[in-house]
Amino acid sequence: MEVEKIKNLHKSFLKDTLKSVFKIEKLKRITGFSGVHFNDAEKKLAEKIENYRKVEREAIKSWRIVELSRDEKRPHTPDYINGIFDDFISFSGDRQGYDDKSIITGLGILDGSTVAVIGHNKGSGIKERIEYNFGSSMPQGYRKAARIMDIAQRFGFCLVTFIDTPGAYPALEAEDSGQAGAIARSIYEMFSLDVPTITVLIGEGGSGGALALAIGNFIMMLENSTYSVISPEGCASILWRDSSAAKLASRALKLTSRDLLKLGVIDKIIYEPMGGAQNNPGRMIKIVKSYLKNIIKKYSNLKDFDFKTHRAQKYESIGITAGSVQQKL
Amino acid sequence: MEVEKIKNLHKSFLKDTLKSVFKIEKLKRITGFSGVHFNDAEKKLAEKIENYRKVEREAIKSWRIVELSRDEKRPHTPDYINGIFDDFISFSGDRQGYDDKSIITGLGILDGSTVAVIGHNKGSGIKERIEYNFGSSMPQGYRKAARIMDIAQRFGFCLVTFIDTPGAYPALEAEDSGQAGAIARSIYEMFSLDVPTITVLIGEGGSGGALALAIGNFIMMLENSTYSVISPEGCASILWRDSSAAKLASRALKLTSRDLLKLGVIDKIIYEPMGGAQNNPGRMIKIVKSYLKNIIKKYSNLKDFDFKTHRAQKYESIGITAGSVQQKL
Amino acid sequence: MEKIICKKCGKNISEEDFIGNLKVCVHCGFHDMLSAHERIKITADPGSFTELAKDMHSVDFLKFQDLKPYSERIEEAIQKSGINEAVVAGEAAIKGIMASICVMDFNFMGGSMGSVVGEKIKITADNSIEKNLPLLIFCASGGARMQEGIISLMQMAKTVSCIKRLKQEGLAYFCIITHPTTGGVSASFATVADIIITEPGALFCFAGPRVVEQTIKKEVPADFGLAERNLKNGLVDMIVKRHDMRDVLGKLLFMFTNKNLNP
Amino acid sequence: MEKIICKKCGKNISEEDFIGNLKVCVHCGFHDMLSAHERIKITADPGSFTELAKDMHSVDFLKFQDLKPYSERIEEAIQKSGINEAVVAGEAAIKGIMASICVMDFNFMGGSMGSVVGEKIKITADNSIEKNLPLLIFCASGGARMQEGIISLMQMAKTVSCIKRLKQEGLAYFCIITHPTTGGVSASFATVADIIITEPGALFCFAGPRVVEQTIKKEVPADFGLAERNLKNGLVDMIVKRHDMRDVLGKLLFMFTNKNLNP
Ligand SMILES: [Zn+2]
Ligand SMILES: [Zn+2]
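Chains as they are written, first to last, in this note's numbering: chain A, 1 to 329; chain B, 1 to 329; chain C, 1 to 263; chain D, 1 to 263.
Okay, chain A solo, but in the shape it has when bound:
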């Protein structure tokens, strides 16, 4: 066994392995210990190591996507808005004391139709990014979004949301002004809409902050975007008690577009230009525009379709359980 080679594996995963290796090294030192018994142990260990290597390869792959999803050079919501809509007009504020710039809302024209738009805004350049909390929204941001949802509902506009956030902003001020309730009510509001809602995950889909704006009749996810209940770093530090296990967590969480399509949580993967959206933003935007046009056209022609009930049924059927089903009392 080449003990050196497996040192490249992640330490959390290695603990167990190394224990076995040392056990075998010890065994080797016992006089007369040899033969079939020893070879079996070696074989088992080899298998185990091979399995760990596979996990590690997968983890590296998932992590690469996590990195891509966060790449500053990827097109962001303002790029999509500018590239997709004619005459976009943006609206500001929650009408109650705050304009959260981490969320853009407004109306645009796509293919002749008025479309309501909401999207996370990470900001470009460090100054803007700080001002926009790197796309992490305050409760007031979701209340601003609720205003355009209400307009979409009353005027019959399709609602398109672009998701790109590390998650809701975890700050004292955010908590004090009701972060939890703001997210919940945003979800509630999206379930109340009679108009079609279309969500495009374009980068980071971070937890409740992403979900708050992502209740879609149709959910598209860019190949290298992610969508997760918690950041891999956060998950690693809680479950592995070691934030350097983020790569392993990124694999375990199943947060890539391929994983999510398999799980039935998204409806479509939008493949990115070679190497990722950051390599050809213009082309990426055109591709998204084309898919959006198609789905909006399709939905516009579904005259009697109950988008609200469709959304409720879709989300209420998500979950895998065992044991008793509903017995009536």
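Hints are computed from structural coordinates only; laboratory data are not their basis. Using N, Cα and C, we set each Cβ at its ideal position, and we do this for glycine too. One or more hints might be untrue.
Listing some non-contacts, in silico: residues in chain A with all C-beta distances to chain C over 12 Å [said to hold, decoys possible]: (1) Asn51; (2) Arg53; (3) Ile126; (4) Ile151.
Derived EDC-like pairs (lysine to aspartate or glutamate); straight-line CA-CA distance at most 16 Å [unchecked claim]: (5) D:Lys131 with D:Glu91; (6) C:Lys251 with A:Asp86; (7) A:Lys298 with A:Asp79; (8) D:Lys3 with D:Asp32; (9) C:Lys167 with C:Asp223; (10) A:Lys289 with A:Asp79; (11) C:Lys232 with A:Asp86; (12) D:Lys8 with D:Asp32; (13) C:Lys167 with A:Glu128; (14) D:Lys232 with B:Asp242; (15) D:Lys8 with D:Glu213; (16) C:Lys218 with B:Glu173; (17) D:Lys232 with A:Glu72; (18) A:Lys289 with A:Asp111; (19) D:Lys23 with D:Asp55; (20) D:Lys259 with B:Asp111; (21) C:Lys68 with B:Asp242; (22) D:Lys68 with A:Asp242; (23) A:Lys268 with A:Glu223; (24) D:Lys63 with A:Glu58; (25) C:Lys232 with B:Glu173.
Following the hints, put chains B, C and D with the ligands in place on chain A, whose structure we already have.
Below, chains B, C and D with the ligands alone, put in the same frame as chain A:
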């Protein structure tokens, strides 16, 4: 003419009068000036003074009511709530970062029925009064009120509002968090309710802050309460450019229960115990309870009555204009 | 050549430059007040405006007298402003799209809202509902008209009720805040609009800066209630310069009335 | 006699006193956690509780393994808590009024919400709708169950959708916050209740104090996310002591289901 006597009149009103008096005194000194002409001037002046005296008497009366309406010993919203409802449960907060204590909201039982209640709370004792801004609400207070309106609407509870405020709180923080919009939306919300709304003006009915919670199908006003577009002091300082003209303004504004009944803005005057509600709060509360019971019972039996349309038509017909009526284009 | 002194920066502007620049100061960009008809002229498609309830005027039903009787004030305001009340109502096309329109005029008793303002807004809202037209209101007002006492307060309720009916019919309502808009107008129809647009530098608040200073016993910030502060506070949707207003309104009207492909 | 050490004030309490006082510290009033069945016992009318979906349990469908496989964690939690999942669902009478009821149990994997919690809340909400019953949920949760990945995030949407249907049927839904309630549960069904009640001292927030401290790089106040601060911030309707909870719930249930004289 006894010039001394009219010195008791208000200076703003006196200016004009005194000018005339001095003119006459001057005239008297002119030799040969006498007879009919002089007697006519005297007669006119006497009339004018008599008229001013009447204005002054009325102003003193209105002002007395303004003072009574502000009397700290009058029963306030918490007294009415405690005396009228069984098992009142109060609800807090706007769910967004603030609980404005200048507005009480909750549910109570009256005559076996659940009633939704909103009322201004001036606080008792100086510490509470400061904490409650003397019953002047922040925008968040109206948002708190909107929550109970929504509950009344969904569960079919009658809504009773007790009005007692100097007006919405004129503070920087209030303006920055949208005082104007909060009042407007509260009015909007009250027009959206299908359930009956009953308003009782129990003390000061100050401007937009009062109106925000006073859109009633039935509006009762305690004999010595007031309801006005602006405080007499504010009106005096703007229109008379002299805040000491508040008494005259209180008369001119027509802000007493008797004035408002004549103008059709309220539906009923509730007469107070001898000398005012402050002399017998217990009895005052019982009287209000009895009227509330009656009107709620009456409304509960009106099964097919459209309270929302009733409210809209009632308020939309208020106003006195001249000239062209609506010509269609 | 007549000289105008900018109310904000105090610099001189020739009347020609001032008028030519839509009464926006060429030095500091201050958007000075426009009369209702000046506003209509620069906003509506030429010749498209027709007026509603032009002759309606106020009545001194309370016999209200402060230093001067209300009846005299009405007469003076009509003489001074050349219009019969603080709002001009009607219908107009903007960039080819028809809309109901109300324009308040601060020259008429400080744009104060009494029975006539309330009634004209009702008439215009009803016109919108009847003809399925969006509604635009340009605000400029010091608040309720005290000389109509409680009846002026009730106009807040009245106008909100009309706007509510209009919105429930699925019609769009945009409010354009011009300098200054305060008090009862701020706290009624102005703030229940779908979209609130403001001219740069316009004061838009409930209680004016002086009132607030008296209450809190300290100075308010220099930008109290101004457009830029309101935008930061999320109270308005956008600041639009006078020169761009017609374009923006045209686009918004198109977006809100364009239903060809919508479900 | 066994001694209990209060988690908050650190003082000793005899087990008898602790249990007798509903697990509220006799010294400082700290409301310690209750198991789901303890909660039901002190809340529901005796013998009135019937359980729904008791046997439903979690599946390790992602083959999630951190330091330990999820499947092992589930098994351990079942052993430790004596219940099959982090929520016990059913129906009970309180002061004679029937209601659907869910009670979360922090002992079961920190009350985390995965597919089973989501599904049981759906089943209970549907039970409410079917039988026209109000719904009560006692919350206690560290958030979403990470071991179910994105599916646990989706339970936030799922439960909110169920509550929305319930509310639209005109049914009342009260949420009772117990210590601690954070993360995905806070940001979903807990905060869309008609009335939010909290036990004294209960932590109720989205991001926990440690996460916030890491983000803003400074200490949060000692009362961060606690009931009293939340009340002041208008995030909850009332703080109710454990001893009074049954009475208050009884009154609320009466008020919300009492329609005899209402129009
Ligand atoms: Zn200038
Ligand atoms: Zn203790």
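Evaluation of the provided hints:
1. Asn51: holds (51 Å)
2. Arg53: holds (52 Å)
3. Ile126: Answer for isoleucine 126 of chain A: holds, closest chain C Cβ roughly 21 Å.
4. Ile151: At roughly 6 Å from the nearest Cβ of chain C, isoleucine 151 of chain A sits no farther out than 12 Å, so the non-interface label is violated.
5. D:Lys131 with D:Glu91: This hinted pair holds, its Cα atoms lying about 11 Å apart.
6. C:Lys251 with A:Asp86: holds (10 Å)
7. A:Lys298 with A:Asp79: Violated, because 24 Å separates the two Cα atoms, which is more than 16 Å.
8. D:Lys3 with D:Asp32: Answer holds: lysine 3 of chain D to aspartate 32 of chain D is near 15 Å, not above 16 Å.
9. C:Lys167 with C:Asp223: Answer violated: lysine 167 of chain C to aspartate 223 of chain C is near 32 Å, above 16 Å.
10. A:Lys289 with A:Asp79: Given that 16 Å is the threshold and the Cα spacing comes to 11 Å, the pair holds.
11. C:Lys232 with A:Asp86: violated (26 Å)
12. D:Lys8 with D:Asp32: holds (9 Å)
13. C:Lys167 with A:Glu128: Given that 16 Å is the threshold and the Cα spacing comes to 36 Å, the pair is violated.
14. D:Lys232 with B:Asp242: Roughly 41 Å between the alpha carbons, so the hint for lysine 232 of chain D and aspartate 242 of chain B is violated.
15. D:Lys8 with D:Glu213: violated (21 Å)
16. C:Lys218 with B:Glu173: holds (13 Å)
17. D:Lys232 with A:Glu72: Roughly 40 Å separates the two Cα atoms, so the pair is violated.
18. A:Lys289 with A:Asp111: holds (10 Å)
19. D:Lys23 with D:Asp55: violated (28 Å)
20. D:Lys259 with B:Asp111: This hinted pair holds, its Cα atoms lying about 12 Å apart.
21. C:Lys68 with B:Asp242: holds (14 Å)
22. D:Lys68 with A:Asp242: Cα-Cα ~14 Å, so holds.
23. A:Lys268 with A:Glu223: holds (9 Å)
24. D:Lys63 with A:Glu58: holds (14 Å)
25. C:Lys232 with B:Glu173: holds (14 Å)
Going down the numbered hints, you'll see the structure goes against 4, 7, 9, 11, 13, 14, 15, 17, 19, while the others check out.
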